[in-house]
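Undergrad: Chains as they are written, first to last, in the working numbering: chain A, 1 to 380; chain B, 381 to 760; chain C, 761 to 1140; chain D, 1141 to 1520.
Mixed in with the good hints there might be a few duds.
[Stated by the list, open to error] Below 25 Å or equal to it, Euclidean Cα-Cα: the simulated DSS-like pairs (lysine-lysine) are:
id	chain 1	residue 1	chain 2	residue 2
1	B	K474	B	K511
2	D	K1155	A	K16
3	D	K1234	D	K1271
4	B	K474	B	K396
5	D	K1170	D	K1156
6	A	K222	A	K305
7	D	K1362	D	K1234
8	C	K891	C	K982
9	C	K776	B	K395
10	C	K775	C	K790
11	C	K982	C	K854
12	A	K94	A	K131
13	A	K16	A	K30
14	C	K775	B	K395
15	D	K1514	D	K1445
16	A	K15	D	K1156
17	C	K776	B	K396
18	A	K30	A	K15
19	D	K1155	D	K1170
20	C	K1065	C	K1134
21	A	K131	A	K16
22	D	K1156	A	K16
23	C	K1065	B	K396
24	A	K15	D	K1155
[Stated by the list, open to error] Some residues of chain A that are not near chain D, with every Cβ distance over 12 Å (derived):
id	residue
25	L24
26	R28
27	G51
28	Q93
29	E220
No lab work stands behind these hints: they were computed from the structure.
Values in this document were obtained by computation on a predicted structure and should not be read as measured data.
Each residue gets a CB set at the ideal place from its N, CA and C atoms; glycine is no exception.
Residue strings, one per chain:
4 protein chains.
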Amino acid sequence: MGREVYPLEQEARGKKFGEMIPRLEETRQKVREAGLWAPQVPTEYGGLGLGFMEHALVCEQLAKTPYGMYVFNAQAPDAGNMEILNEFGTEAQKERWLRPLCAGEIRSCFAMTEPEHAGSNPVWMSTTAVKDGGNYVINGHKWFTSAADGAAFAVAMVVTDPDAPPHGRASQIIVPTDTPGYRRVRNISCMGDEGEDWDSHSEITFEDCRVPQENLLGGEGKGFAIAQARLGPGRIHHCMRWIGISERSFDLMCQRAATRETAPGELLGSKQTIQNWIAESRAEIDAARLLVHHAGWRIDQVGAKEARVDVSLIKFFVAGVMSRVVDRALQTHGALGISDDTVLSFFYRDGRAARIYDGPDEVHKSVVARRILKGYGVEA
Amino acid sequence: MGREVYPLEQEARGKKFGEMIPRLEETRQKVREAGLWAPQVPTEYGGLGLGFMEHALVCEQLAKTPYGMYVFNAQAPDAGNMEILNEFGTEAQKERWLRPLCAGEIRSCFAMTEPEHAGSNPVWMSTTAVKDGGNYVINGHKWFTSAADGAAFAVAMVVTDPDAPPHGRASQIIVPTDTPGYRRVRNISCMGDEGEDWDSHSEITFEDCRVPQENLLGGEGKGFAIAQARLGPGRIHHCMRWIGISERSFDLMCQRAATRETAPGELLGSKQTIQNWIAESRAEIDAARLLVHHAGWRIDQVGAKEARVDVSLIKFFVAGVMSRVVDRALQTHGALGISDDTVLSFFYRDGRAARIYDGPDEVHKSVVARRILKGYGVEA
Amino acid sequence: MGREVYPLEQEARGKKFGEMIPRLEETRQKVREAGLWAPQVPTEYGGLGLGFMEHALVCEQLAKTPYGMYVFNAQAPDAGNMEILNEFGTEAQKERWLRPLCAGEIRSCFAMTEPEHAGSNPVWMSTTAVKDGGNYVINGHKWFTSAADGAAFAVAMVVTDPDAPPHGRASQIIVPTDTPGYRRVRNISCMGDEGEDWDSHSEITFEDCRVPQENLLGGEGKGFAIAQARLGPGRIHHCMRWIGISERSFDLMCQRAATRETAPGELLGSKQTIQNWIAESRAEIDAARLLVHHAGWRIDQVGAKEARVDVSLIKFFVAGVMSRVVDRALQTHGALGISDDTVLSFFYRDGRAARIYDGPDEVHKSVVARRILKGYGVEA
Amino acid sequence: MGREVYPLEQEARGKKFGEMIPRLEETRQKVREAGLWAPQVPTEYGGLGLGFMEHALVCEQLAKTPYGMYVFNAQAPDAGNMEILNEFGTEAQKERWLRPLCAGEIRSCFAMTEPEHAGSNPVWMSTTAVKDGGNYVINGHKWFTSAADGAAFAVAMVVTDPDAPPHGRASQIIVPTDTPGYRRVRNISCMGDEGEDWDSHSEITFEDCRVPQENLLGGEGKGFAIAQARLGPGRIHHCMRWIGISERSFDLMCQRAATRETAPGELLGSKQTIQNWIAESRAEIDAARLLVHHAGWRIDQVGAKEARVDVSLIKFFVAGVMSRVVDRALQTHGALGISDDTVLSFFYRDGRAARIYDGPDEVHKSVVARRILKGYGVEA
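Given the sequences, and given the hints that come with them, work out the whole structure.
TA: What follows is the structure, given as structure tokens:
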């Protein structure tokens, strides 16, 4: 990581993602050659076949630098798509979509959130798929579809049965991005940057977009259940990534404290405020990591559904820890922290979304509390 | 605990400790009969002989109610004195002091902090012991000597060699409280209560107080080292107690949220603010417990000295968690939380000291940070 | 204040309020002689006749020590009762109740909160008064009736018309405490202390308690309106008291920082953490005072009703500032802060209620937000 | 503002500053025509001649949108340079530099911070100016020189007398940017954006850069004093800008709360967490504004030097308020808040520097505390 991947940070400064692709391909090739490619992918698809918790530990290391997950082909949203294709896909779907995805030959996206409806309410959506002949005809509007720019296909959450109970209304359908009626409207500029290719979040429309019924993933009405299967364990990996980011930031903070002088001979690290930040960050990161490991262990023991509270707990707890640690590290660097001469400014901008995506903190807190209060005999 | 110990809370309301002693003796007797007496004490002295981490787990349960530790004879400062007598005492000292302590026949105290010097600086003290004949002659001034009222003996930290390097100046000497020259000046009123007997913090003076040299504990100049041996692992137990207090408070908060209405048919627990508190508290307590277990495991693995950073981390982290959880639970109860109709008001008052004793948060944070920065090659 | 009132703090340590009364009477006499008696009371009733904001400024000074408000006869709940008697009372009521109250010859209480209903919901109560002959017959249950112990009369909030719209159901009735059927059940132990006399919070029952109809205060169904008239401006005075407490705590913190050494020659005040606390406290107290002054000015300009948002804002903002400042000051004192050797431990315990009484923070926040959102065209 | 300036936000999205200049010139022209040009500039130089506090009130309004200050020609660092040129400049300097600056014909920059030295220590710098013939010869290295790209001249802080007492070492010298030896090395990419023209922060080197001695501003050794004269009152304007940003964010938060639904018919604004944010933000912004007005009034009354504590207090207090308000507003918008479809994402990125520039929070806190402790008789 230190030799091959961290240096990409400064190389990439001021460059669009597209310009970086050849350089990233080079590094990906080194990863392949080192036998470390796609750690989370089953061996039959060319990965290392690491178990769920093993891969979580890997995520912490890869996430310490913005391109880490990508060069190991473990990046969102592809990794999640690989998981659900592997678990719910037909053999034909796997051959067509999973195999090249695992090989890093194509990319994909996952189209769920809609601008008109709160993303915090996962059963409220308007995009529909209606059967017609052997096809589904899809109409609707999505946004914050990450990495749609350059993706070969989207997995789209669509309502197939509006009259079913809320959690049975939606299905997931694979939509090749060259299908007529599928349109990437724009890359949504986020935090000052429109992004490009994998590094982007798009607005998408479906207008009478027809895909064959065999593109249905895992059964009609299973959309929500598959999303849960995808998101629950995926949150462990998100959280481990955030811990990686926290550790990297912590390390930069300590390096700065140990080298910067505030006056001749007076180390920044001798300031008690900086010492407080170091100590508090150390405690918070360690506690966060243990909590994530524990939640992962719970998923292993009792399954993602039963471990829902554990997963919601880490979602907001770790996002909060990362926010504070990155903020302290940035402040420790002064103006340098604002600049892109270190990676901290990127972590600050990019990490802000952690408290929002996959369910904002506030939603997870309510989920946790209501579940706990159920144990006290009430529906709150 | 629920049947025999929690009910003591309301029985004790408005009573001085002395009045409660017969009732507490009764419960202690039941503990003995149940074969649960003195869980942390070696079996040869009548205890259960639990290992270090086993006892830590027990502490969480016992600490959920103010008299829990006491009725199991696992209360501070006696438990710490038992440990050091067992580890550093001579056979004669053990027979005379340790055995009756373990049996619950006598109580003891530990006199270290001095009013004139910051307790946060453990090597700065003025109380001296000078050899004279076969005796030590002790002169000095201590305070916040917990449970001195009614104690049979004090273990006193005294300077025996003022010219030694800072960590080698002090020794620990056993001083029977009926020794001439030993005087308990007062019980210091704390949080509105002077306290009594075990439930007190005293100011003490030594004026030409003579004790035989065989009362020296563990060698001259070993005072600081023994204190460290006592405090390091002791902090694990403090932290587990605080987690017990947090859990009890959490439970009371949830009970209240699940039963109190803010308007007819509207549960307090349906308020999002209360839900936030429940969720945040759950995450913080779980994280704190894992961090304490981890620190305990570290002590087991590498020893108290090497695990110093781990221990300092939990000291301030868990004290902070407890403060917040107790505060939220109290607030959830409204005026009832202020009253002594629940135990929360006690936890609020009593728990405030956790951020101060055994080293204030601020000192532990600096310890942690300086140790970490040493790893970056600097003395900060 | 410094010469006559602050010294009462240490004199009172460990004493019940009753024991202190002669000493307090002495000081009250000095206040009368100095021509400073009852600053907020109209001159015709023997006070200084200060205007609303003038008295607010006085409150800050008096509240810097626990007995300050009392020795000037400006203490809650009497001051509030004086206000409503003066504004809404008949001449007969004023002669009988207001005059001796202003003279400091009797004390009073205000019975509103009920244990069965959330105090945060002021229109939800069960105590009723039914007309019978020339009397009201009162039945019900109150608690946290402050200073009921020793009071000559209570002003009781009771439902006189259960079928009226919520804000018109209740009335306020003056109940002499020697009326048959009025019973002070107990002083509720709060923060470890049952209290006594003025320094107490009682549980009260009314059982067929008959008082003449001329004891009605300000008209039937006006109970809620009078309570609002009492509480709104009263909150300004509460807030100014809290600022007084904050200032006193701040001063003690600075004194400690300027005199305590953490090692020979090393001032506590040279620690950056302490400096942070001093600076943050200074900013917060100054900001809080300005905000309270502003809210008072708003009440003067537009009336208490229109200034409701302003008053709710300061209620939670200033309570929060006081909590933090007292906490920092206490921590700065270490173990001494826990003790009753300074007044900080009292402020810590007593001040905790500020976030609860007169409407918990959480309720005021919702009031503010809903009012603001009304300006955006919605009922939230 | 609403009609002409706010709309520039969305027009500018994705554009470099240079592309926007014609459009901004258009708006500047409208400002001139409306008779609102350069509110803070003396009338003799074409401005409105507003007083110090009058302009502070204006700043709040202009800062509600990123281009507000610029289109009124009140933007940093030009406004500060106009002030010091007006106060300390010679007539010749004023004619040559101040007049076109006030007219908006040229721009300028202020080169103070050096990469090798902590910006928090304003008397520690290495750039020197040595007299030679009628010139100063400047050598050194600066960075975070805002708006240097496109500036006609820099005001450079340089050491003219290294042997003087610390506050007398530096002078300010006007350096036209076309002077040989002056080199803009790069625009420092900050928060992901290299910026351009006015919207940039540059790294600068001086290599034997010769400027005539008549370019000295306000006397040799006066550099620090002039910087103080510039920064002290300038901080009032910074703080008022931050309040403007807070108000705009608050308004967006309320608009979102009042219109977004989390489920059909359920307003986001009915969530108690959102209500808490609205209420807390309202209180904090109001308190912050009053504190800034108070500090401004103090400067008017006692001068910038005596009001130093007041100015330091607002510097960190208001920066903190803005950070929290912007963060809450962003979170209220969910994914939309991350995007550049609202201005919040810009405020989040750009506002982060407020806790750093013109002295980081931590430095101002120490300044405040040491000054206060001086009142307690100690140098801490």
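Undergrad: Each hint should be assessed against the structure and marked as holding or not.
TA: Comparing the hints with the structure gives:
1. B/K474 x B/K511: Status holds; Cα separation ~23 Å.
2. D/K1155 x A/K16: Between D/K1155 and A/K16 the Cα gap is close to 15 Å, so the pair holds against 25 Å.
3. D/K1234 x D/K1271: Holds, at about 23 Å.
4. B/K474 x B/K396: violated, 31 Å
5. D/K1170 x D/K1156: With Cα atoms ~22 Å apart, D/K1170 and D/K1156 stay inside 25 Å; holds.
6. A/K222 x A/K305: holds, 15 Å
7. D/K1362 x D/K1234: At roughly 18 Å apart (the allowed maximum being 25 Å), D/K1234 and D/K1362 satisfy the hint.
8. C/K891 x C/K982: holds, 16 Å
9. C/K776 x B/K395: holds, 15 Å
10. C/K775 x C/K790: holds, 22 Å
11. C/K982 x C/K854: holds, 18 Å
12. A/K94 x A/K131: Within the cut-off at roughly 23 Å; holds.
13. A/K16 x A/K30: Given that 25 Å is the threshold and the Cα spacing comes to 22 Å, the pair holds.
14. C/K775 x B/K395: holds, 16 Å
15. D/K1514 x D/K1445: holds, 16 Å
16. A/K15 x D/K1156: Distance of about 15 Å is within 25 Å: holds.
17. C/K776 x B/K396: holds, 15 Å
18. A/K30 x A/K15: holds, 22 Å
19. D/K1155 x D/K1170: holds, 22 Å
20. C/K1065 x C/K1134: holds, 16 Å
21. A/K131 x A/K16: violated, 40 Å
22. D/K1156 x A/K16: Holds, because 15 Å separates the two Cα atoms, which is no more than 25 Å.
23. C/K1065 x B/K396: violated, 48 Å
24. A/K15 x D/K1155: holds, 16 Å
25. L24: holds, 18 Å
26. R28: holds, 24 Å
27. G51: Non-interface label on A/G51 holds, nearest chain D Cβ at 32 Å vs cutoff 12 Å.
28. Q93: Nearest chain D Cβ is 29 Å from A/Q93, so the label holds.
29. E220: holds, 24 Å
Hint compliance for this structure: hints 4, 21 and 23 are broken, all remaining hints hold.
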